[in-house]
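**Student:** Here's the letter readout for the chains.
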Amino acid sequence: MRDRLGRATTIAAVTALVFSAAMAVAQVMYPQRGNLQILDAPDIAGVPVTTVEPNIALQVMSKKGRWDQVKLPAGTVGWVLESALAAKQGSGQGGLTNVMSLGKPTLDTAAAGRGIASDGARQYAASKHYDPAILQQIFEIRIRARGQWRAFVRTGGLTGAADLAELRP
Amino acid sequence: MSTNKMRAALTAAFVFASVSALAQGFGGFLKDNLLNNVPFGHQISAVGDAAQALSLTSEQADSIGQSVTMSIAAQNGGVSRDNRLNDYVSLVGMTVVNASPWADRPVHFAVINSPIVNAYSAPNGYVLITTGALAQIQDESELAGVLAHEVGHVVHEHGLAAVRRANLLKAGVTLASTNSSFAELGAVSDYLVDFLTKQAFDQPAEIEADDSAVQYVTAAGYDPNGYVRFLQRLAVVQAGGGGLFSTHPATADRIKRATANIARSGYDGGGKRLDARFRQYTVR
Chain A
1 MRDRLGRATT IAAVTALVFS AAMAVAQVMY PQRGNLQILD APDIAGVPVT TVEPNIALQV
61 MSKKGRWDQV KLPAGTVGWV LESALAAKQG SGQGGLTNVM SLGKPTLDTA AAGRGIASDG
121 ARQYAASKHY DPAILQQIFE IRIRARGQWR AFVRTGGLTG AADLAELRP
Chain B
1001 MSTNKMRAAL TAAFVFASVS ALAQGFGGFL KDNLLNNVPF GHQISAVGDA AQALSLTSEQ
1061 ADSIGQSVTM SIAAQNGGVS RDNRLNDYVS LVGMTVVNAS PWADRPVHFA VINSPIVNAY
1121 SAPNGYVLIT TGALAQIQDE SELAGVLAHE VGHVVHEHGL AAVRRANLLK AGVTLASTNS
1181 SFAELGAVSD YLVDFLTKQA FDQPAEIEAD DSAVQYVTAA GYDPNGYVRF LQRLAVVQAG
1241 GGGLFSTHPA TADRIKRATA NIARSGYDGG GKRLDARFRQ YTVR
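Residue numbers (our numbering), protein chains in the order written: chain A, 1 to 169; chain B, 1001 to 1284.
What the hints contain is simulated information worked out from the structure, not anything from laboratory work.
What you are looking at is a predicted structure, and each value in this text was computed from that prediction instead of being measured.
All residues carry an ideal CB built from backbone N, CA and C; glycine is no exception.
It is possible that part of the hints are untrue.
Said to hold, decoys possible - Cβ-to-Cβ under 7 Å is the rule here; a few derived chain B residues that face chain A:
| no. | residue |
| --- | --- |
| 1 | M1094 |
| 2 | N1098 |
| 3 | A1110 |
All chains should be modelled from the sequences, with the hints used to inform the complete structure.
**Tutor:** In structure tokens, the structure reads:
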């Protein structure tokens, strides 16, 4: 009986050690740039579900190629390129350097270049008498293409994205 | 070590590991729930090296990218009204971007109505290709190569690096410290439009974009030799004074280097050319 109890204790202790080691490597990571988009799928056709700032701790739940599935503090789950994350907060790497941001990076400003003309571009258009609808036309192209992209890659027999280490910035 | 001592050690380790795991969890809770409540204005945002050197925020870099894109499109016949063609170019571009370090950032592609044979990239993810350039391309792998070259300029921030070298923003701090800097952003945009349409990137920038192009198209599943074929065709026409891609001179050195990169990459010859699909979308 004592032997059995001892064995059980040993197994429990070893299991706990392995579990805690897994916890230790795991995987809290931080964005390496502001307004980092969290996507609903691990590819370019993924739709942004939210954006995060560099001080947000993200828990890495799984990996797929160059993409990490992460969980936000509020529970939102999504995908992000692993190269956009680092283990230490603010430890920018690969050409990404932190600077102070202007104002509150709301989802609207995060969307600049993602479908919304910026105030600066609108003012520029007015000063040059350009039609800002040009930008809207360009944004709409990408919105349409995003919905077709996965089928486009499949019918072309393209890999879509290989996991090449040298692509990491 | 006796069995009893080993058990004692393991039990101690178990207790330590459990406490440690709990502490980590609590630390994460603190980080998640307290540190994240820093006011937004004091949070940090990140942009690339060139933008950082100019003290540009990502929003300002994007504003410049949008302004430059709008200006080049407006001065070159506007964006094509052929949605099918625009979508096709965007789909090829997205395939290339998905195999680049910018896979998680939106890059916008469009066709502009100009007979001039050229392609342009603006900061923060904007790529334009002329109808004249499309007329010189023979299959999808070549188009992918040309777009990937422009994506390389975007990824490496060559446009903003040119602005930096021009010393337009000696007072870059001003840009980063005020919201009323539209005039300065406009001046930068004007400079970049002039640079991108009338001058050429320097040789190191072109080579860096070429290297990236070969990487991205190969990773995306295209035949990287398509890009070399396009460069070779360009070199022949440029040698004859054809004025093609005047802002991207195709030199023998660039062709040689791209060819060597493909050989070194271990490319297995299985990449797609997709000439039929290219004709389907581009031939009327």
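**Student:** Could you run down the list of hints and mark each one as holding or not?
**Tutor:** Now the hints, each set against the structure:
1. M1094: Where the cut-off is 7 Å and the nearest Cβ of chain A is about 5 Å from B/M1094, the hint holds.
2. N1098: holds, 4 Å
3. A1110: holds, 5 Å
Against the hints set out earlier in the document, no violation occurs for any number.
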